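> Listed below are the residues making up each chain.
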Amino acid sequence: MSHAATVDQQHPHAEHHHEEHSYTGIPNKKVMMWAFLASDCMFFGTLISTYIIYHGKSLAGPYPAEVLNIPVTTASSFVLLMSSLLMALSVAAINRQDITKFRLWIFLTGVFGAIFLGFQSYEFTEFVSRGVTLQNNLFGSTFYTMTGTHGLHVAIGVFWLFSWFIYSFFGNMKDKATDIEVAGLYWHFVDIVWIVIFTVIYLVEFVGVTS
Amino acid sequence: MATSTEVISTGGHAHTHSDAPEMGMLGPRPSAKTGVWSWLTTTDHKRIGVMYGISALLFLVLGGLEALMVRIQLAVPNNDMLVGDMFNQMFTMHGTTMIFLAVMPLIAAFFNFVVPLQIGARDVAFPRLNAFSLWVFVAGAVLINVSWFAGGAPNGAWVGYPPITGPQYNPGHNSDFWVMGLMLLGVASVAASLNFFTTIINMRAPGLTLMRMPVFVWMTLVTNVLILLAFPPITIALAQLMMDRMFGANFFNVAKGGMPIMWQHWFWVFGHPEVYILILPGMGIVSEILPTFSRKPLFGYPLIVFSGAFIGFMGFTVWSHHMFTSGMGVIAVLAFSVTTSIIAVPTGVKIFNWIGTMWGGNLRMTTPMLYALSFIAMFTVGGFSGIMHSAAAADMQQHDTYFIVAHFHYVLIGGAISALFGGIAYWFPKITGRLMDEKLGKFAFWVFLIGFNMTFFPMHILGLNGMPRRIYTYHADMGWNFWNLFCTVGAFVLAFGILFFFINMVHSFRNGEIAGDDPWDGRTLEWSIPSPPPVYNFAVIPEVTHLDDFWHKKQTGKANIPWDGKLIHMPLSSYYPLIVGVGMFIFGMGMIYIKDSVMFALPVALGGFGLMTFAIFGWALEGPGGEMLDPTKESGAHN
Numbered sequence: 001m002s003h004a005a006t007v008d009q010q011h012p013h014a015e016h017h018h019e020e021h022s023y024t025g026i027p028n029k030k031v032m033m034w035a036f037l038a039s040d041c042m043f044f045g046t047l048i049s050t051y052i053i054y055h056g057k058s059l060a061g062p063y064p065a066e067v068l069n070i071p072v073t074t075a076s077s078f079v080l081l082m083s084s085l086l087m088a089l090s091v092a093a094i095n096r097q098d099i100t101k102f103r104l105w106i107f108l109t110g111v112f113g114a115i116f117l118g119f120q121s122y123e124f125t126e127f128v129s130r131g132v133t134l135q136n137n138l139f140g141s142t143f144y145t146m147t148g149t150h151g152l153h154v155a156i157g158v159f160w161l162f163s164w165f166i167y168s169f170f171g172n173m174k175d176k177a178t179d180i181e182v183a184g185l186y187w188h189f190v191d192i193v194w195i196v197i198f199t200v201i202y203l204v205e206f207v208g209v210t211s
Numbered sequence: 001m002a003t004s005t006e007v008i009s010t011g012g013h014a015h016t017h018s019d020a021p022e023m024g025m026l027g028p029r030p031s032a033k034t035g036v037w038s039w040l041t042t043t044d045h046k047r048i049g050v051m052y053g054i055s056a057l058l059f060l061v062l063g064g065l066e067a068l069m070v071r072i073q074l075a076v077p078n079n080d081m082l083v084g085d086m087f088n089q090m091f092t093m094h095g096t097t098m099i100f101l102a103v104m105p106l107i108a109a110f111f112n113f114v115v116p117l118q119i120g121a122r123d124v125a126f127p128r129l130n131a132f133s134l135w136v137f138v139a140g141a142v143l144i145n146v147s148w149f150a151g152g153a154p155n156g157a158w159v160g161y162p163p164i165t166g167p168q169y170n171p172g173h174n175s176d177f178w179v180m181g182l183m184l185l186g187v188a189s190v191a192a193s194l195n196f197f198t199t200i201i202n203m204r205a206p207g208l209t210l211m212r213m214p215v216f217v218w219m220t221l222v223t224n225v226l227i228l229l230a231f232p233p234i235t236i237a238l239a240q241l242m243m244d245r246m247f248g249a250n251f252f253n254v255a256k257g258g259m260p261i262m263w264q265h266w267f268w269v270f271g272h273p274e275v276y277i278l279i280l281p282g283m284g285i286v287s288e289i290l291p292t293f294s295r296k297p298l299f300g301y302p303l304i305v306f307s308g309a310f311i312g313f314m315g316f317t318v319w320s321h322h323m324f325t326s327g328m329g330v331i332a333v334l335a336f337s338v339t340t341s342i343i344a345v346p347t348g349v350k351i352f353n354w355i356g357t358m359w360g361g362n363l364r365m366t367t368p369m370l371y372a373l374s375f376i377a378m379f380t381v382g383g384f385s386g387i388m389h390s391a392a393a394a395d396m397q398q399h400d401t402y403f404i405v406a407h408f409h410y411v412l413i414g415g416a417i418s419a420l421f422g423g424i425a426y427w428f429p430k431i432t433g434r435l436m437d438e439k440l441g442k443f444a445f446w447v448f449l450i451g452f453n454m455t456f457f458p459m460h461i462l463g464l465n466g467m468p469r470r471i472y473t474y475h476a477d478m479g480w481n482f483w484n485l486f487c488t489v490g491a492f493v494l495a496f497g498i499l500f501f502f503i504n505m506v507h508s509f510r511n512g513e514i515a516g517d518d519p520w521d522g523r524t525l526e527w528s529i530p531s532p533p534p535v536y537n538f539a540v541i542p543e544v545t546h547l548d549d550f551w552h553k554k555q556t557g558k559a560n561i562p563w564d565g566k567l568i569h570m571p572l573s574s575y576y577p578l579i580v581g582v583g584m585f586i587f588g589m590g591m592i593y594i595k596d597s598v599m600f601a602l603p604v605a606l607g608g609f610g611l612m613t614f615a616i617f618g619w620a621l622e623g624p625g626g627e628m629l630d631p632t633k634e635s636g637a638h639n
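Chains as they are written, first to last, in this note's numbering: chain L, 1 to 211; chain F, 1 to 639.
Derived by calculation from the structure, the hints in this document are not laboratory data.
Keep in mind it's a predicted model, so treat the numbers as computed, not measured.
By construction, the Cβ of each residue, glycine as well, lies at the ideal position given by its N, Cα and C atoms.
Mixed in with the good hints, there may be bad ones.
Claimed, not checked - Just the calculated beta-carbon pair ranges, DEER-fashion:
1. L/Y202 / F/D596: 55 to 65 Å
2. L/K174 / F/G207: 24 to 34 Å
3. L/Y202 / F/M25: 36 to 46 Å
4. L/C41 / F/G329: 41 to 51 Å
5. L/Y202 / F/L58: 25 to 35 Å
6. L/T100 / F/S597: 46 to 56 Å
From just these sequences and the hints, can you work out the full model?
See below:
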């Protein structure tokens, strides 16, 4: 227990108080995030299953094939996936303690996430104007609930990333590599879920139409 | 740290931090060691456990009173005390309260108090998240019960099937309270599970390998994995119902093509693991009590552990046996019938292992032991009727009759509550430092056991005679009169059994015999430290070398570990978990009324959300903090 010594050197905001206890050697926060992501898989699994079960069961239009816009969503998906690359660069930078680069990459990750949310707002507005509403049919109910939940995850992630960006100007980033990595795990997961959602909603809809 | 002088003058804590005072967004951190604020801001797993336990027992009383009302209404035919909707509210709230507000938090109380002690840790992995779970649980529990004073309690049964709970047939706020309350309780449960999963994986003392963990810790681990994987489906189903009710979506609206059967699937994908969430910790508790009072190691430890994990896994493969009458088709019914029968195997393995543990042991018939024995016997009865349900053809006849009511009360009261009361009696000396009175304890046990069987055994007969669940009255010529009256009398006997148990708790807390560190000659680490434990639990983190390590150390004369002179680092208290809980409560109240008056409800919801966000940032910025304690100067337990 080299504990008393290490604590004294730490900043009051130090996050590592418990990590000396780690039986596995993996930081507590990382274990918790992996467990949370397992739980989140079930969240999205339920939403995606509901969408698939209700697919083609709407009694009134507009039907998905009439409104889904693959080129626009491909662009927004590309932005979201590129944000994962930027997130990886942020984690690498904080691991090197290169704070300037870290700030740049984490800021851009958040911006790319915000651009994705912008696309989503545009898409929702566009769909509503074409008659797809939560109340209108099953497609509307399932589409908005599922993509809305995903959008909420992205929005939480964007707040989280920007918070770290701002914190890096006045807080001590020395022992924060684990925290950034944990935020990264979350961010990559949200991106991976989008790949599944994009496939299920947008790509599968047009199987047999284009080929 | 700002208040170190205060602390030294009251508790004698030695502080080695000399940094600037830790300031949060609300000024200095809470520093009280006694009084109301010390409890509201605590991050100590033992205090949080005690608060979980007290709230759970209060809700057990409330749910019990609701049950008595139901039984009074059904005591005689054509009774008109609780008619129609009032009866629906009463049994809905009885089920919801007992499952989510009584048994689950009572289990959480044991997780909190016992698990860190059994794994040789000084706290859980995330002490503030632990406080957060408690306060969000309280927020959800209060929110659901506010409905009694706001136009009517939830009335769609604890399973909440739409369209009964849908906006078309249930336009009041009854089900809105249910939906929002259960979502908050889900957040609390998932947060607690993340915490305990991490704690058990990462916070074990050196040498405490997985296969040296006490069975209670194992069952906690399995239970928490079940919570992590089973709560999301119900949370999404509740969100879908909320979208239907508050924003006019169509998930369960048949007129727009929605399928109410989907709710049943999501509900039971959660609901069946949920009943294992309720029973596995009880199995863990019994696996601690039996070896201690048989003075033998647990028979077949690995088999018990693997059986528990297997039951947990199989819990996800049997949900549709709750839906045999829903017309799923032969293949589905057959598949779920088979998987359900398979559950009997690991359960039987456990029961035989418990019997093997007692076989040839030096049995001491203390109160905890009696409850553990009652668990085995009563759970076996409930298990047998469960196997009867797995035969789909028989289940078609039993579905929604009192036979089912008899079955699940045998596993939940005879099983879960027996084990949990046994657990209270077993760990009471560790929690309070005083033993529970044995004479009163045994008396309360027998009243409980007799009352329980009087109440629920005749329900098998009523069910086989065709009495359906959830009816508020019946005709005098149905042939159900005698047993219904008998059940009602039994319910009052059972209530007195529980009342005597509570009286014993209060009496023993004040006047009980001083317990000492190890009153039962225990086998696991919690008995190696003082009762009640000091705030830091272990002055020195133990090195574990065996299963039942403390027992082994006592046999080899290594039980007393001298303090190594190193100061002990403990996390600080915090205001923020409580504030997040309050914010979530306000947010939930706003959401419930959102369809009535956006002008009024939306600002309330946004205000609650804002408070929650503020507190989360405050929480993140203050950090876990820490103070250094000197065990020789520390006055001991804060509770």
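> Identify every previously stated hint that the structure contradicts and give their numbers, smallest first.
Hints 1, 4, 5 not satisfied by this model.
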